[in-house]
Amino acid sequence: AQSVTQLGSHVSVSEGALVLLRCNYSSSVPPYLFWYVQYPNQGLQLLLKYTTGATLVKGINGFEAEFKKSETSFHLTKPSAHMSDAAEYFCAVSRGGNNRLAFGKGNQVVVIP
Amino acid sequence: GAVVSQHPSRVICKSGTSVKIECRSLDFQATTMFWYRQFPKQSLMLMATSNEGSKATYEQGVEKDKFLINHASLTLSTLTVTSAHPEDSSFYICSARVLLAQETQYFGPGTRLLVL
Numbered sequence: 001a002q003s004v005t006q007l008g009s010h011v012s013v014s015e016g017a018l019v020l021l022r023c024n025y026s027s028s029v030p031p032y033l034f035w036y037v038q039y040p041n042q043g044l045q046l047l048l049k050y051t052t053g054a055t056l057v058k059g060i061n062g063f064e065a066e067f068k069k070s071e072t073s074f075h076l077t078k079p080s081a082h083m084s085d086a087a088e089y090f091c092a093v094s095r096g097g098n099n100r101l102a103f104g105k106g107n108q109v110v111v112i113p
Numbered sequence: 001g002a003v004v005s006q007h008p009s010r011v012i013c014k015s016g017t018s019v020k021i022e023c024r025s026l027d028f029q030a031t032t033m034f035w036y037r038q039f040p041k042q043s044l045m046l047m048a049t050s051n052e053g054s055k056a057t058y059e060q061g062v063e064k065d066k067f068l069i070n071h072a073s074l075t076l077s078t079l080t081v082t083s084a085h086p087e088d089s090s091f092y093i094c095s096a097r098v099l100l101a102q103e104t105q106y107f108g109p110g111t112r113l114l115v116l
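Going down the list, the protein sequences come from chains E and S. Each residue of the first sequence is one higher than the last, beginning at 1 in the numbering used here. Each residue of the second sequence is one higher than the last, beginning at 1 in the numbering used here.
Isolated chain S (complex conformation) (with noise of 0.2 Å):
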């Protein structure tokens, strides 16, 4: 159970391009949704969190009109990158808070995006 995935695994874009990125929670609701960043081998660091019918929390220094996210169901959010430059390439993981289990995030398999 508690089973997270991310759609595309990989993704090339055009710099100037938009992408977006869904992250579902296939056998549980998720209220909540949050949504990672990971540099080559760093840790990760918390962009913003998603909660179900209202707008995201986004983290100090993460602009919102950049990385915009809707958590339209309990079982979805998305991220879209906007206008994408090579500086925004990274790992994108999404994770879910289980209803009945609220200290515990279930991740995502991540998203590679490759900005050219």
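This is chain E alone, in the form it adopts within the complex (with noise of 0.2 Å):
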């Protein structure tokens, strides 16, 4: 069964700073890895994707992400913080035969003038 681990419920970054969300990931099967944004009462937006290929993902609204197999991680970075990305994030892994999704806790991002 495949888990993710993010820690750090609550992230707070400077406006201009940089973004870095941890994610760390378990599968027994070489995973499918995702980053999703959430803004309050709405659901899920898919940020970017990792399945196979280039390990460095570059996403939507700046931010990318690396798949390290070594490390099991897929942290996510944005080099600028903006008023904008205040959100949660959530990192989510699937495989499987019917490619259910498991979900981090989530990371609620503030974004500090």
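Hints are not guaranteed to be accurate.
[To be verified] When the alpha-carbon atoms are kept at most 27 Å apart in a straight line, the in silico DSSO-like pairs for lysine-lysine are as follows:
id	chain 1	residue 1	chain 2	residue 2
1	E	Lys105	S	Lys66
2	S	Lys64	E	Lys105
3	S	Lys41	S	Lys64
4	E	Lys49	S	Lys41
5	E	Lys105	E	Lys49
6	E	Lys69	E	Lys105
7	E	Lys105	E	Lys58
8	E	Lys69	E	Lys49
9	S	Lys14	E	Lys105
[As the list claims (entries may be wrong)] Pairwise CB distance ranges (calculated):
id	chain 1	residue 1	chain 2	residue 2	range
10	E	Leu18	S	Ser18	25 to 33 Å
11	E	Lys58	S	Thr82	39 to 47 Å
12	S	Glu63	E	Gly16	45 to 53 Å
What the hints contain is simulated information worked out from the structure, not anything from laboratory work. Note that the Cβ used here is the ideal one computed from N, Cα and C, for glycine as well.
With the hints as a guide, dock the two chains, each given alone in a separate frame, to form the complex.
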């Protein structure tokens, strides 16, 4: 079975500073990895995903993530935080016949002006 | 592309009544849809996997008689919360899997259910 660990439920970052959200996964087979963003009272929006190929994945809104198999990690970064980045971010992993997603607990990002 | 809608976005009902939530894929066909439940400030918990034309597969601990799922077409799945109780109050989110990109799920905007 797959599982995801996201540490630090709340992350505060200054506007213009680096955003770094950590995600570690466990999977018995090569995983598919995802980052989703959720704004208040809304569903989830796909930021980026890794399935195969290049391990550095670029997504929307300037975010990117790197799949590191040796570290079983898929950390999300953005060089310069913007106020509009304030939201909840979820890392997820899937694999297996039905490609069910397992989510981490999420990181609530607060951007400080 | 890959837009998923849910209706209603918000519903308030009395205890004991049933509530139906619709999930539609607007611009693609979805052979598989998923239903999640999210409690405040928590992650999404998968409730069931819905395949078009067949019975839904429920996760352990989810009562199939309470949460009825119907996936009658390639663009529509419904979740009916039967005999709702206050503890069923939650944020319900559906997702749909694109036929030609099986690894990716696209999520609806969610339905806020409040049972009084």
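Hints, one by one, checked against the model:
1. For the proposed pair Lys105(E) and Lys66(S), the alpha carbon gap of about 26 Å is at most 27 Å, so the pair holds.
2. Taken as a hint, the Lys64(S) and Lys105(E) pair is honoured in the structure, with Cα atoms around 25 Å apart against an allowance of 27 Å.
3. Between Lys41(S) and Lys64(S) the alpha-carbon distance is near 25 Å, which keeps this suggested pair within the 27 Å criterion.
4. Simply put, Lys49(E) and Lys41(S) have alpha-carbon atoms about 23 Å apart, close enough for the 27 Å limit, and the pair holds.
5. Pair hint Lys105(E) plus Lys49(E) holds up; C-alpha atoms about 18 Å apart against a cutoff of 27 Å.
6. In summary, the hint linking Lys69(E) to Lys105(E) is supported, as the alpha carbons are separated by about 21 Å, within the 27 Å threshold.
7. Taken as a hint, the Lys105(E) and Lys58(E) pair is honoured in the structure, with Cα atoms around 22 Å apart against an allowance of 27 Å.
8. Between Lys69(E) and Lys49(E) the CA atoms are separated by roughly 15 Å; this keeps the pair inside 27 Å, and the hint holds.
9. Restraint check for Lys14(S) and Lys105(E): the C-alpha separation of about 31 Å exceeds 27 Å, so the hint is violated.
10. Look at Leu18(E) against Ser18(S): about 49 Å separates their beta carbons, and that is not inside 25 to 33 Å.
11. Hint check: Lys58(E) to Thr82(S), Cβ distance near 45 Å, so the stated range 39 to 47 Å holds.
12. Restraint check, Glu63(S) to Gly16(E): a C-beta distance of roughly 49 Å satisfies the suggested window 45 to 53 Å.
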